[in-house]
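Generate coordinates for the entire structure from the input sequences, incorporating the hints supplied.
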Amino acid sequence: MEDIKKRIKNIKLWNGIFSIVSLLSTFVGLVLLFALMTDLFMDGAPRISYKFFTSFPSRFPEEAGILSAWVGTLLLILVTAFAAIPLGVAAGIYLEEYAGKNWFTDIIEINIANLAGVPSIIYGLLALGIFVYFFKFGESVLTGGLALALLILPMVIMATREAIRAVPNSIREASYAVGATKWQTVKWHIIPYSTGGILTGIIIGLSRAIGETAPIITVGALTFIAFLPASPVSTEFPFISFKWLLDPFTVMPIQIFNWVSRPQQGFHVNAAAAGIVLLVMTLFMNAAAIYIRYRFRKKIKW
Amino acid sequence: MRIRERIIETGLFFSALSSVFITLGIVIILTYESFGFFKEVAIVEFFTGTTWMPLFAEPKFGILPLVSGTLLTTAIALVVALPLGLISAIYLSEYAPHRLREMIKPVLELLAAVPTVVYGYFALFFLTPFLQNFLPELSGFNAISPGIIMGIMIVPYVSSVSEDAMKAVPMYIREGSYAMGATKFQTAFKVVIPAAFSGIAAAFIMGISRAIGETMVVAIAAGMMPNFTFNPMEPVQTLTSYIVQVSLGDVPHGTIEYRTIFAAGMTLFLMTLFFNIIGFWLRKRIREAY
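Line order of the protein sequences matches chains F and B.
For the first sequence, my numbering begins at 49 and goes up steadily by one.
For the second sequence, my numbering begins at 668 and goes up steadily by one.
FRET-style restraints, in silico, Cβ to Cβ:
#1 ALA846/B - GLY227/F: 51 to 57 Å
#2 GLU924/B - HIS237/F: 54 to 60 Å
#3 ALA83/F - VAL687/B: 40 to 46 Å
#4 PHE130/F - GLY921/B: 30 to 36 Å
#5 TYR339/F - PRO750/B: 32 to 38 Å
#6 PRO750/B - ALA164/F: 21 to 27 Å
#7 HIS237/F - PHE702/B: 45 to 51 Å
#8 GLY64/F - GLU924/B: 55 to 61 Å
No lab work stands behind these hints: they were computed from the structure.
Values in this document were obtained by computation on a predicted structure and should not be read as measured data.
Note that the Cβ used here is the ideal one computed from N, Cα and C, for glycine as well.
Written as structure tokens, this is what we have:
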């Protein structure tokens, strides 16, 4: 009897210890994140000013800014969004609504799951081989944007599929029952009802693209750029120009990488400041995604 | 009407097919350029040589230093990520009150959203100086601090996939265990984890594949030195950071130096593909279990 009591006590003790240990290790990540953010802000915040956003990189850390970097990031994401969103959403719709259950669909599915696990730098090598040297786009905004589009395509496809899967079958049946064709059902019912989920996936994908460095370095983005790509809008006819697509560029993460790799302390401060800007951009996009998911979940009740 | 429907369906089909073309593109590019590389360098030398000096006047093409650097940083990352990820998953799935869980999960997701260059900054300017307080002989560039930071980076992936697997274990199995008088601790370790084993293994493997492919943290903080060593205190170079190093320089298209990055990329691709296939197979198994 005593023996059993002792055993039970022992077991309960372990349970107690583990519940504390597990709580602590769950918070380790959060605490560390907080410490790192504080460190980054303390290092970089003094450098952030209006001038920091409007200056080109320079040999002198105090005069260097991130103008070419944030403009490059913006243009790159524009290309990425234009390429990845239509393609990814269309692929997701096909796989959920049209594809039959056969070996071919299986191959596409396995393939997408595998693509999501391919290291990002491999996409850079792909873009280097195909866009830079085969299609001769050069080391341009277009190449960089397309490289990132390939990278986030699996994410967009998977998010679209998940969102569409949440639309109940009764909606489809109701639509078919009044004589709608497949595409009409998709266009008027499936897409509107799954917009929230799709949008969330797209924003998270784009926020990942903004922070991605490796594939952009591989396609040969420059690290020191003291000019901007050609302006997309002009005062002369036809007002819109696409020359910027083929211009060389740099992006935020590359600018940070470049500053981190320099020996002078002043550039490390710049790197921290640019890091804050980049971090705020990605966290803002993620917060937007979480908010959209929350709003749409509240609005739609099946 | 019919024709329109068919056109739309065909368009959607080709969009879905594009993902297959991406994979084909990767395989073709890597194979084509590696083929050119192996015409000039013997495969045996490539896979058994212990010196990697491709950019020197008398080049040496032994990939082992890059593989050892990759494995070393990956191993350090896993030592951090696997226990932390698994234990947080157990906490979130078995112990945490519902409201706390709903609060922690988005924050863990944010941890995954921090750009990798920023993590690299932390490894080089925060963790390395911090570790040097305890390990004075630690060099400024080393394998251990990017490894640890990579581990922290992977925790959210490991914990969210493992937690999903544990949540998929039906409640009645837990209830059976509680009814026998087992504590939560016993239930978690003797019932839930064995039942969710494939899913947890898939999470671990996903973590491994992510650590192998991680680029910027090691490129910034590990030192870009192809060092055939398993000593975490020394600078190393990984497959990924070698590709970065070459891409930053001006290597002309079509030369042997240019092709080395594709040979390194091929090695990397095969390593991650191996783990991805195992992970995919394991995840398929959990779906069939219940």
